[in-house]
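Undergrad: First to last, the protein sequences are chains A and B. Counting from 1, position 52 in the first sequence corresponds to residue 52 in our numbering; the numbering is continuous, with no gaps. Counting from 1, position 186 in the second sequence corresponds to residue 186 in our numbering; the numbering is continuous, with no gaps.
Keep in mind that the hints were calculated from the coordinates and are not lab data. Keep in mind that a hint or two might mislead.
Note that identical chains are pooled: a pair holds if it fits in a single copy or bridges any two copies.
[Unchecked claim] Think about it this way: if two alpha-carbon atoms lie no more than 16 Å apart in a straight line, the pair counts; the simulated EDC-like pairs of lysine to aspartate or glutamate are:
#, residue 1, residue 2
1, Lys155, Glu91
2, Lys47, Asp32
3, Lys47, Asp166
4, Lys144, Glu42
5, Lys144, Asp123
Because the structure is a prediction, the values reported are computed rather than measured.
Residue strings, one per chain:
Number of protein chains: 2
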Amino acid sequence: MKNVITISRSFGSGGREIAKRLADELNFAYYDRELIDAISDETGLSKDYIEQFSEGHISRAYPIHIAQTFLMPVVMPSDSIQIAQTNIIREAGNSGNCIIVGRRADYILRELKPFKVFIFSSDMDERIKRCYKKVPEDRVKSPKEMAKEIQKIDKNRAKYYNYYTDQDWGVMKNYNLCIDTSVIDIKKAVELIISALNI
Amino acid sequence: MKNVITISRSFGSGGREIAKRLADELNFAYYDRELIDAISDETGLSKDYIEQFSEGHISRAYPIHIAQTFLMPVVMPSDSIQIAQTNIIREAGNSGNCIIVGRRADYILRELKPFKVFIFSSDMDERIKRCYKKVPEDRVKSPKEMAKEIQKIDKNRAKYYNYYTDQDWGVMKNYNLCIDTSVIDIKKAVELIISALNI
Numbered sequence: 001m002k003n004v005i006t007i008s009r010s011f012g013s014g015g016r017e018i019a020k021r022l023a024d025e026l027n028f029a030y031y032d033r034e035l036i037d038a039i040s041d042e043t044g045l046s047k048d049y050i051e052q053f054s055e056g057h058i059s060r061a062y063p064i065h066i067a068q069t070f071l072m073p074v075v076m077p078s079d080s081i082q083i084a085q086t087n088i089i090r091e092a093g094n095s096g097n098c099i100i101v102g103r104r105a106d107y108i109l110r111e112l113k114p115f116k117v118f119i120f121s122s123d124m125d126e127r128i129k130r131c132y133k134k135v136p137e138d139r140v141k142s143p144k145e146m147a148k149e150i151q152k153i154d155k156n157r158a159k160y161y162n163y164y165t166d167q168d169w170g171v172m173k174n175y176n177l178c179i180d181t182s183v184i185d186i187k188k189a190v191e192l193i194i195s196a197l198n199i
Numbered sequence: 001m002k003n004v005i006t007i008s009r010s011f012g013s014g015g016r017e018i019a020k021r022l023a024d025e026l027n028f029a030y031y032d033r034e035l036i037d038a039i040s041d042e043t044g045l046s047k048d049y050i051e052q053f054s055e056g057h058i059s060r061a062y063p064i065h066i067a068q069t070f071l072m073p074v075v076m077p078s079d080s081i082q083i084a085q086t087n088i089i090r091e092a093g094n095s096g097n098c099i100i101v102g103r104r105a106d107y108i109l110r111e112l113k114p115f116k117v118f119i120f121s122s123d124m125d126e127r128i129k130r131c132y133k134k135v136p137e138d139r140v141k142s143p144k145e146m147a148k149e150i151q152k153i154d155k156n157r158a159k160y161y162n163y164y165t166d167q168d169w170g171v172m173k174n175y176n177l178c179i180d181t182s183v184i185d186i187k188k189a190v191e192l193i194i195s196a197l198n199i
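Construct all of the structure, not just a fragment, from the sequences and the given hints.
TA: The following block contains the structure:
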């Protein structure tokens, strides 16, 4: 069996929940936000700051005016985060028996041939519903605004992935199993992944 | 469970074999080349001729010089084939308990909400190997030429699909389950699809 699983996911698809349940069932190490803690330990940068650059917001990391680059250190903070993140993901991959969510782990670990899953949902209404359950009350928006926000987050994830790899995010051929949670529920998705792994 | 399954597939991925095995295991009606026979019965056109237009070769169906259109009948042969094919696929879908391979059946039957599978292989060498097993001796080519041919066939399938639908062929969000047969073997793929159907 493959003992390194990467879970890429579109926002509001339930991908994180699937990854967590999978880690529980397989008794595998689980890396998602845990990576942010580890990067913070390694770089000394705050978790809030790391979160901004860990998997998106490329544009914030780079200056609009080229003149500004003269004021930038040679290694920009976001680069330090990427380097630390890459090292931690490599270490996790080499230790095996782990599940890593997002953060281009599928690409970073490509030589280990991880089992690469993409979780998405073809039903925007369901994605919105799923987000409503998780968004703090003071950040609740209208369904239309929420849909826009979801698309923006996916766009950022794609931008991040496409910037730091030579592949395209969410393109079928870059994954081994792609599951639509609008038709296949979360419990079943976990079952399918475990079955595909031949455990 | 969903009793209409559409199998889209990239060439040399083993998609047809998966569809056939699935039909056998579920005891479902199976439509692939069978559609060509049915179209031939309905239109009176030869099977060889239908095969050209059933799922590709859009360019052959339309005149290069606009002047030629004056010489064309109002309903062009390829249109007749598309119409007959659509009718037969609709009939099959409405009867239920069936598996239809390719031919934009996922799109034609979208209101029935079929279970939409895409079978692909991320390993070109394996696709070439699979094709070698099936190509008649007098049509065997070098692996490089074979790879080109495989890409051309996929391109034609995409062209056909994109022309006759308002969707894009092979784009993850248009399917419910996408399986990479370079990592998940054919037997396992059949198992996963049956499991996903909740039978």
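Undergrad: Look at each hint and say if it fits the structure.
TA: How the hints compare with the structure:
no.: 1; hint: Lys155 with Glu91; in the structure: neither (28 Å within a copy, 40 Å between copies)
no.: 2; hint: Lys47 with Asp32; in the structure: within (13 Å within a copy, 54 Å between copies)
no.: 3; hint: Lys47 with Asp166; in the structure: neither (28 Å within a copy, 44 Å between copies)
no.: 4; hint: Lys144 with Glu42; in the structure: neither (40 Å within a copy, 47 Å between copies)
no.: 5; hint: Lys144 with Asp123; in the structure: within (14 Å within a copy, 40 Å between copies)
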